[in-house]
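Trainee: The lines below spell out each chain.
There are 2 protein chains.
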Amino acid sequence: MQTNEREFRQCTEFLTEHDDFLVVSHIQPDGDAVSSTLAVGWLLSCLGKNYVMVNEGPIPRRMAYLWESEQIIDLSVTPLDHKYKHVIAVDCADFSRVGKTREYFAEDAQILNIDHHPTNDGYGTTNLIVPHAAATVEILFDLIRVLELQMNKEIATAIYTGLLTDTGGFRYASTTPKVMEIASKLLEYGVDGPGLSELLLEQMTLPQLRLLTRALNQLVISEDGKISWVTIDDEDMRLTGAIHEDLEGIVNYPRNIQGVEVGLLFKVIHENAVKVSLRSNGKVDVAEIAQNFGGGGHVRAAGARIEGTLEDIISRVVEQVNLQL
Amino acid sequence: MQTNEREFRQCTEFLTEHDDFLVVSHIQPDGDAVSSTLAVGWLLSCLGKNYVMVNEGPIPRRMAYLWESEQIIDLSVTPLDHKYKHVIAVDCADFSRVGKTREYFAEDAQILNIDHHPTNDGYGTTNLIVPHAAATVEILFDLIRVLELQMNKEIATAIYTGLLTDTGGFRYASTTPKVMEIASKLLEYGVDGPGLSELLLEQMTLPQLRLLTRALNQLVISEDGKISWVTIDDEDMRLTGAIHEDLEGIVNYPRNIQGVEVGLLFKVIHENAVKVSLRSNGKVDVAEIAQNFGGGGHVRAAGARIEGTLEDIISRVVEQVNLQL
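First to last, the sequence lines map onto chains L and U.
Those letters in the first sequence? Residues 1 to 325, by UniProt numbering.
Those letters in the second sequence? Residues 1 to 325, by UniProt numbering.
Just so you know, nobody snuck in bad clues.
No farther apart than 20 Å at their CA atoms in a straight line, the calculated lysine to any residue pairs in the SDA-like style are these:
no., chain 1, residue 1, chain 2, residue 2
1, L, Lys153, U, Glu181
2, L, Lys153, U, Thr176
3, L, Lys178, U, Asp192
4, U, Lys283, L, Pro194
5, U, Lys226, L, Thr205
6, U, Lys185, U, Asp142
7, U, Lys185, L, Glu181
8, L, Lys283, U, Gln203
9, L, Lys185, U, Ser174
10, L, Lys153, U, Arg171
11, U, Lys100, U, Gln28
12, L, Lys178, U, Ser184
13, L, Lys226, U, Thr205
14, U, Lys226, L, Met204
15, U, Lys185, L, Thr176
16, U, Lys153, L, Glu181
17, U, Lys185, L, Arg171
18, U, Lys178, L, Glu181
19, L, Lys226, L, Asp285
20, L, Lys178, U, Pro177
21, U, Lys283, L, Glu202
22, L, Lys185, U, His132
23, U, Lys83, U, Gln71
24, U, Lys153, L, Thr176
25, L, Lys185, U, Thr176
26, L, Lys185, U, Glu181
27, U, Lys153, U, Gln71
28, L, Lys153, L, Gly195
29, L, Lys178, U, Lys153
30, L, Lys185, U, Ala173
31, U, Lys178, L, Gly190
32, U, Lys185, L, Glu188
33, U, Lys178, U, Phe8
34, L, Lys178, U, Gly190
35, L, Lys226, L, Ala287
36, L, Lys49, L, His18
37, L, Lys283, L, Gln258
38, U, Lys153, L, Arg171
39, L, Lys185, U, Tyr172
40, L, Lys226, U, Gln203
Hints were generated in silico from the structure; no laboratory data involved.
Nothing here was measured: the structure is a model prediction, and the numbers come from that model.
Using the sequences and the accompanying hints, generate a full structural model.
Mentor: Structure follows, in structure tokens:
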């Protein structure tokens with residue numbers, strides 16, 4: 001935090017000097033996006049400020065337990081009555097991630113950009129970017145301390161939620177000593193950490209488990225055991241009653257097989273287009289492979305939408321992975 | 001720790017006043033048992049004491065990375081040359097859990113019993129039992145501090161391993177603020193927490209995943225959606241090439257379905273005997289049900305070996321669960 005002292009000061013100035021804020025996070029919000037939105041809303045209310053929290057679309061149903069989550073306006077359902085001169089964007093790696101919320105940014109809007117993605121280009125008029133933070137809520141935890149606000153169980157629960165989801169339950173490489181120290185403090189506020197883990201990381205709906213089962217039945221592993229993949233098509237979705245978000249996590253099964261370097265999930269979009277998700281154990285840079293197909297991502301997790309037949313796309317992607325093995 | 005001051009003092013007296021120790025843990029050792037054994041060995045070596053670390057059988061192959069784990073003698077392979085007058089038993093909830101290691105206890109042996117199981121009856125001549133500790137390694141972490149020993153990365157890795165496995169990756173109800181605080185400190189010693197999570201909690205062998213797939217194909221859910229179960233027989237084991245320890249974790253899949261209160265795994269032992277594993281979300285006390293069938297366990301996790309045909313046993317167990325719903 002010492003190294004960011006200036007950014008934190010500018011951030012607190014932005015919050016204390018203005019009023020009537022629009023708080024936005026990224027499209028298809030995840031745990032960190034939703035929790036960061038709520039944390040900013042909470043600290044604004046502590047500062048006695050007016051604000052609205054919005055997102056382009058709905059927040060995941062699973063996060064309805066979060067304090068005041070029903071206050072996040074789904075702009076696809078409820079439009080706003082005016083544009084805002086002061087915007088706070090959280091967890092948005094680049095400006096396009098704010099989606100249609102930008103329709104409510106005044107032309108001369110000042111934007112406070114709070115984010116932890118290393119690729120964030122600082123699109124705000126004020127920026128608080130902490131690339132070594134595991135989640136945007138980690139930055140907000142520090143901000144709450146800087147503002148000397150007294151946390152409560154509700155806001156601690158939101159912050160724990162963001163940490164838990166962005167570190168895969170304290171399992172990703174981003175799990176630093178500081179993350180665990182913050183988690184410890186949040187539990188002291190009475191957060192039900194085990195309950196949140198169960199709800200957010202372990203619980204599956206029956207359609208979701210049926211979809212996983214169908215995917216596992218079709219699991220393929222390369223002869224050398226280094227690449228493994230599953231495929232999912234419309235029939236799989238229809239017969240199991242699964243929805244799009246149920247695809248999440250399935251690609252980890254091929255990736256987690258002992259000896260496998262890259263796990264893949266091929267999701268048929270229509271007869272001539274496939275979405276591929278790539279997961280690597282670190283040896284192969286799957287971002288590079290995804291980029292070759294017009295997609296993007298990180299070294300260990302990337303994706304692309306590719307035109308062509310399933311069979312053709314599988315062989316092309318597997319070939320590219322093999323080049324790096 | 002304050003409340004246990006006397007126990008900690010007696011424990012350090014036991015360690016400092018004697019020499020030539022036998023360090024034992026429970027049969028079929030898990031992560032906490034292995035790590036606790038190694039942690040005690042390490043602190044004895046720091047104190048300049050002679051000791052041997054033993055177990056009735058082998059330690060899990062997955063834990064071979066642990067510092068000096070190859071020094072834990074598998075008594076089923078290598079007998080000892082004398083009996084020991086000073087025994088340290090770690091993570092053994094009752095005396096029978098030490099298994100055949102007791103063959104090497106001198107008749108007048110003094111036993112130091114270090115454990116975190118609330119049901120531990122204090123079978124030692126000296127006892128350090130901390131029922132609110134998430135794992136025995138948590139007690140040993142405190143003991144190392146009391147002894148003012150300087151921890152290193154290797155021993156921190158062992159302690160992290162015990163915490164990780166006994167809390168299901170910081171997910172069980174035992175995950176207290178203190179657990180997270182200790183984890184934070186251990187990461188500061190350079191422990192590769194994410195790597196350990198991957199190795200111990202995420203990685204699966206191909207036979208293990210094939211077995212899971214076969215089990216999920218046979219998943220049944222009760223009409224009211226509150227009980228779900230899978231069955232595994234010899235053919236499943238044979239066709240997938242899975243081994244006994246691959247069964248671990250499978251019962252969580254039926255249990256983790258949204259709405260399910262009790263998940264069950266029926267493992268056919270032979271045509272007239274079945275081992276049932278029961279997992280509850282807390283509403284149903286599965287220990288009570290297991291006891292009715294001659295087994296035992298905890299409120300949320302229990303097991304029993306039952307004589308009878310698979311079909312008959314399924315209906316009897318499901319009936320018992322239904323009585324509590």
